[in-house]
Amino acid sequence: MHAYITRRILEAIPLILLVLVMNFIILHIAPGDPVFLFIQGGGGATEEYVQQVRQMLGLDKPLGEQLLVFIANVFRGELGFSHYYQRPVIDIIAERIPITFLLVVLSTLFAATAGIILGVFAGKHPYSLVDRINTIVAVFGYAIPIFWFGQLLILAFSIYLNILPTGGIPTRAMGGGSFLDWIRHLVLPVLSLGVIQLALAARITRANMLEVLGMDYIDSARAKGLKENTVIFKHALRNAVLPVVTVISVNFAFQLTGAMIIETVFSWPGLGRMMFESVFRRDYPVLMGLLIVMSVGVVIINLITDLIYAYLDPRVVYE
Amino acid sequence: MAVFGLFFLIILVTVAVSANWITEFGPMDTGVGRPLQAPNNRFFMGTDDLARDIFSGVVHGARVSLMVGFTAALTAALIGIIIGSISGYFGGITDDLLMKFCELFQSMPRFLFALVIVVFFGNTIWNVVVVIGILSWPRTGRLVRAEFLQLRESEFVMAAKGIGMSSARIIFKQILPNAMHVVLVTASLEVGAAIITEAGLSFLGAGDPNLMSWGRMLYNAQRFLRTAWWLAIFPGSAIFLTVLSLNLIGDGLNDALNPRLRRVKR
Numbered sequence: 001m002h003a004y005i006t007r008r009i010l011e012a013i014p015l016i017l018l019v020l021v022m023n024f025i026i027l028h029i030a031p032g033d034p035v036f037l038f039i040q041g042g043g044g045a046t047e048e049y050v051q052q053v054r055q056m057l058g059l060d061k062p063l064g065e066q067l068l069v070f071i072a073n074v075f076r077g078e079l080g081f082s083h084y085y086q087r088p089v090i091d092i093i094a095e096r097i098p099i100t101f102l103l104v105v106l107s108t109l110f111a112a113t114a115g116i117i118l119g120v121f122a123g124k125h126p127y128s129l130v131d132r133i134n135t136i137v138a139v140f141g142y143a144i145p146i147f148w149f150g151q152l153l154i155l156a157f158s159i160y161l162n163i164l165p166t167g168g169i170p171t172r173a174m175g176g177g178s179f180l181d182w183i184r185h186l187v188l189p190v191l192s193l194g195v196i197q198l199a200l201a202a203r204i205t206r207a208n209m210l211e212v213l214g215m216d217y218i219d220s221a222r223a224k225g226l227k228e229n230t231v232i233f234k235h236a237l238r239n240a241v242l243p244v245v246t247v248i249s250v251n252f253a254f255q256l257t258g259a260m261i262i263e264t265v266f267s268w269p270g271l272g273r274m275m276f277e278s279v280f281r282r283d284y285p286v287l288m289g290l291l292i293v294m295s296v297g298v299v300i301i302n303l304i305t306d307l308i309y310a311y312l313d314p315r316v317v318y319e
Numbered sequence: 320m321a322v323f324g325l326f327f328l329i330i331l332v333t334v335a336v337s338a339n340w341i342t343e344f345g346p347m348d349t350g351v352g353r354p355l356q357a358p359n360n361r362f363f364m365g366t367d368d369l370a371r372d373i374f375s376g377v378v379h380g381a382r383v384s385l386m387v388g389f390t391a392a393l394t395a396a397l398i399g400i401i402i403g404s405i406s407g408y409f410g411g412i413t414d415d416l417l418m419k420f421c422e423l424f425q426s427m428p429r430f431l432f433a434l435v436i437v438v439f440f441g442n443t444i445w446n447v448v449v450v451i452g453i454l455s456w457p458r459t460g461r462l463v464r465a466e467f468l469q470l471r472e473s474e475f476v477m478a479a480k481g482i483g484m485s486s487a488r489i490i491f492k493q494i495l496p497n498a499m500h501v502v503l504v505t506a507s508l509e510v511g512a513a514i515i516t517e518a519g520l521s522f523l524g525a526g527d528p529n530l531m532s533w534g535r536m537l538y539n540a541q542r543f544l545r546t547a548w549w550l551a552i553f554p555g556s557a558i559f560l561t562v563l564s565l566n567l568i569g570d571g572l573n574d575a576l577n578p579r580l581r582r583v584k585r
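Protein chains in written order, with the working numbering: chain B, 1 to 319; chain U, 320 to 585.
Please note: incorrect hints may appear among the correct ones.
Some chain B residues judged to face chain U by a derived CB distance under 7 Å, without partners named [what the hints assert, rightly or not]:
1. Y142
2. A143
3. Q151
4. I154
5. I218
6. F276
7. V296
8. V299
9. I301
The hints are simulated quantities; they were obtained by calculation from the structure and are not laboratory data. Backbone N, C-alpha and C define an ideal beta-carbon position, used for all residues, glycine too.
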């Protein structure tokens, strides 16, 4: 097991470096002198200042050396300075990560739980009403753009029925901030962000349930005279849900970028909202920093889920 | 179901091609009526805040979406075919390296990369197409590779090698035609995915400013959700129905062309 963990970590390191090289390449093949990407509205800057920034970022050195400086800077957490916020990029990103993570984690939990429940019942009774609902969820979940789904939920629940807020997070100033208030603000974003993963989890669980229920060990469990619920939830479910873990982890990058769009719909003040505003302001250091943090983050999170999976499934071979 | 998808897609293509004849106003024409009019006899999808005709936007948006969807999927398919076939046919170290490359692309947050590249390189429609195409090849690449790994051991490939056919000819003339069903199914799903990605980029204000696209209309709708539901309902339905049709066609193709992979579903 330890050997496996070590090997997976060692495999992730070159991947992280490659991801950083990709980021570096994008920065350098973009039209124009990269130094101006770091100086907001480059026109007003003095020649002296331009040189100073160039030197600071190591942009006056040969390309190979620049790459090393770039990677070293990333590992030191130096991602540049945003002139709009007047703060280092890493600080702005760090303070918004928890707000975005709350959304991503809750929507993933919701999608996995609801998807597995739906999938189990659909797999247990193929072609029943639940199975049909499952099919409809899958068909819709794959085709609906999540940001439009978010808008539809706002139209239905916030504007027409007027029972949930249109967006934002609770603030103490408005007298909010209670647990219930947080829930009220979270329902719609979590629902719209979770819809694709929900469809995926439900479909995979269903297919696996059908497969697992046909296996010999299920027959023998039934032959032993175990209750049907014990057979389904203790014996079948365990093996049927494992692939869901993999799928959800593979799609984590997708979920993270989905959160950024959903935040725009619901004025959720996390990374996505910041990204949206930075696109609007052409705040290049923030965008570049966000891309670096996200792409490295995804590799690390995939690594963690791989390790969790190995822990959950003893059949994984640690060669 | 696939027939419904095909039917809808054919109508959509017809609408996109004849966009200029079926709409009275251009999609960018402002002040064609009063602003923010609800759907009525004259503007049956209503008007937006600058008094642009929503119907015209939806119809012309079909052009943008279909163009982006098909071109990006084609680009992705071409890259996927080339990398997948080389990887699967030659195997060994070539395969290892190319698959690492593939893994790299798969572990990148694609949408964010697309967004940053489009912002850095300029938000023209062609940049959007190229970026989506370049970022979407891994799915095709992996599937093509899997087919090649299997087919390269088969007798007809042995025979082709035996008569001294070149690798390139074996890859493109012998094996590829047998792997095309995988490419077709994946491509139909990639068209839908590309349409949603383009809509997402436009929704964040990173689309082509000179074209009216469905994502851009939804971006515009966001500010007026409370007062003008029609700004969101019509363009959104257009995206949803288009992607739905493409997915149904993909499912249909999968069932028809590839009995081996047929799902447990009905």
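Checklist line | Hints not upheld, ascending by number | finding: 5, 7, 9
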